[in-house]
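S.K.: So the chains spell out like this:
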Amino acid sequence: MGKYILKRIVSLLPVLLVVAVVDFIIIHLTPGDPAAVMLGSQATEEELAKLRDQLGLNLPIYSQFGHWILGVLQGNLGWSIFMDMPVTQAIWEHLGPTVSLTLIAEVIAVLFAIPLGVMAANRRGSWMDQSFMMLALLGISLPSFWIGLNLILLFAVQLNWLPAAGYQPLSSGLANHLKYLIMPAVSLGIMQGALIARMTRSSMLEVLNENFIRTAEAKGLKLRVVTYKHALRNAMIPIVTVIGLSFATLIGGAVVTETVFNIPGIGKLIVNSVLRRDYEVIQGAVLLIAAAYVLINLLVDLLYAYIDPRVRYDKS
Amino acid sequence: METSSVTITGTTTASHARGRRSILIRRFLANRLAVTGSILVACIALVCLLAPLLTSYDPLEMMVQDRLKPPGSSHWFGTDDFGRDVFSRVVYGSRISMLVGFSVVAITSAIGLLFGLYSAYYRRLDNLLMRINDGLMAFPAILLAIAIMAALGPKMSNVIVALSVVYTPTVARAVRSAAITVREQTYIEAIRALGGKAQRIIWRHMAPNCLSPLIIQATFIFAYAVIIEASLSFLGAGTPPPEPSWGNILNDGRTLLKQAWWMTVFPGIAIMITVLGLNLLGDGLRDLLDPHTNKAKR
Chain A
0 MGKYILKRIV
10 SLLPVLLVVA
20 VVDFIIIHLT
30 PGDPAAVMLG
40 SQATEEELAK
50 LRDQLGLNLP
60 IYSQFGHWIL
70 GVLQGNLGWS
80 IFMDMPVTQA
90 IWEHLGPTVS
100 LTLIAEVIAV
110 LFAIPLGVMA
120 ANRRGSWMDQ
130 SFMMLALLGI
140 SLPSFWIGLN
150 LILLFAVQLN
160 WLPAAGYQPL
170 SSGLANHLKY
180 LIMPAVSLGI
190 MQGALIARMT
200 RSSMLEVLNE
210 NFIRTAEAKG
220 LKLRVVTYKH
230 ALRNAMIPIV
240 TVIGLSFATL
250 IGGAVVTETV
260 FNIPGIGKLI
270 VNSVLRRDYE
280 VIQGAVLLIA
290 AAYVLINLLV
300 DLLYAYIDPR
310 VRYDKS
Chain B
0 METSSVTITG
10 TTTASHARGR
20 RSILIRRFLA
30 NRLAVTGSIL
40 VACIALVCLL
50 APLLTSYDPL
60 EMMVQDRLKP
70 PGSSHWFGTD
80 DFGRDVFSRV
90 VYGSRISMLV
100 GFSVVAITSA
110 IGLLFGLYSA
120 YYRRLDNLLM
130 RINDGLMAFP
140 AILLAIAIMA
150 ALGPKMSNVI
160 VALSVVYTPT
170 VARAVRSAAI
180 TVREQTYIEA
190 IRALGGKAQR
200 IIWRHMAPNC
210 LSPLIIQATF
220 IFAYAVIIEA
230 SLSFLGAGTP
240 PPEPSWGNIL
250 NDGRTLLKQA
260 WWMTVFPGIA
270 IMITVLGLNL
280 LGDGLRDLLD
290 PHTNKAKR
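Line order of the protein sequences matches chains A and B. For the first sequence, position 48 (counting from the first letter as 1) is numbered 47 according to numbering that gives the first Met the number 0, and the numbering increases by one without interruption. For the second sequence, position 204 (counting from the first letter as 1) is numbered 203 according to numbering that gives the first Met the number 0, and the numbering increases by one without interruption.
These are computed hints drawn from the structure, not numbers from a lab. A few of these clues could be false.
[Unchecked claim] Within a straight-line C-alpha distance of at most 25 Å, the following computed SDA-like cross-link-like pairs (lysine to any residue) qualify:
#	chain 1	residue 1	chain 2	residue 2
1	B	Lys68	A	Leu158
2	A	Lys49	B	Gly152
3	A	Lys6	B	Lys154
4	B	Lys257	A	Ala163
5	B	Lys154	A	Val270
6	A	Lys6	B	Asp133
7	B	Lys257	A	Lys228
8	A	Lys228	A	Thr214
9	B	Lys154	A	Leu38
10	B	Lys154	A	Ala35
Bear in mind that the values here come from a model prediction, so they are computed numbers and not experimental data.
Please take these sequences and the hints and turn them into a complete structure.
M.R.: As structure tokens, then:
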């Protein structure tokens, strides 16, 4: 297992390098002088020169990349000129709400999706299967921000049950925390839930056709035991993959959801930075999220090498 | 003699192809969801083409005396805070979504096919291209699109560029995995043994056999492109106002949720119908063209 882990980590290095190069290139796509774009037309030549110097724009491009990547490796993602603080500090201050939001969204998605997917597979072709899968299809067709706006319209504007926007940290009490995050988490989790439900159904259908399931049924085991103990366990690999990957998608989706619900997370930080052209923050936050995605992928790979030992033998 | 055998073989191949096509069409028509999807997509395409005939209002025309009018007989979807007709904005907004979707699908399919095929055929190139692919796929789609838009500036053509960068790796990967299977087939080996040139093998023999996954991916990418274009415009990083795009109509409606629910509900329904239609169509095409999922679904 140790050898397998090491092999997987080494194989990630080129991917991380490409992520860093792409992230670095993005800021250089800006037509003209990025410093002028960031400071606007009012900026003096002196201010422009200072910013160009700070961003290292006077250096040749390879040298700029070298400086930047060395800084990244030392945990220095740059300086936010609008917030006047290191990018790492800005990201750290906005991390809590995003982590909370994505975790709650993931829990909601998994709690609903797996039982629905299993039920649909067990009753393949029935009206229940068809309506669950139609709902799932609808779930992946609705933009999360639109669901969010409709939830606000219903639960905050019409019924006045929940706050329309804002955020309260966990330290203010779990109930209060959830009161602010439940609508954003539902709107964010619906699409992922729909994807997980579809994957659960198709993975279960494959497993339910296997001979060992027929044997288990022939032995007279109860349907629930056959479904959950024998079938679901063997159908878990693709489901775990989708759940793992959905974390990264949720972080991406949080960008829009946080804007709708005015949650001060990484997503809101990125959107604000886009609007005021704070490139170093965008670069830093995007790099961090992409690196997190690569690492989550690694964890998922290791997890299913653990769940199913055949995986590590096959790959080695 | 030789000529007649060639003719006979040619006729047989053509009739086989026709037979296969008619079986595919019959199976497609038997798939209710796929047919529903096609009808929905066709309706949106018609709305987009016939926009000037469907509404007499200019989507940009401001009628201040009519501002925030609820849906009624003169304004079917009501008006916004500038007195613009929401129905005509939603109808014209379909043009932006369709244009972005089509352009992204065309660009990603062309570049993705090229990269996928070359990656599968030339193993040395494969390692390099697939590492770049993995790196690009590590960015959540919307985030990479936002970062590119931040650099390029909010403009519809930039949305197309950003989404093409985001989705080309997905197409390239799908084409590559199909092309690798094709590459190992005996007939490719035979053509190579007969002295067939690499370019001819790639484009004449491998490419046509990779079209099924490409078509399936293209349908889903169209759907993602519509959602992400709307999201970018909603965030103020996509199609800039006053041009009507479903995303920026929703953004206008966000601040007026209490007074004007119609500004939020109708453009959202338009996005939902389009994306649902494309997803149904994509699912249907996958059932039809991908034998693996076909087997799993049975």
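S.K.: Looking at the structure, which of the earlier hints fail to hold?
M.R.: Numbers 3 and 7, in rising order.
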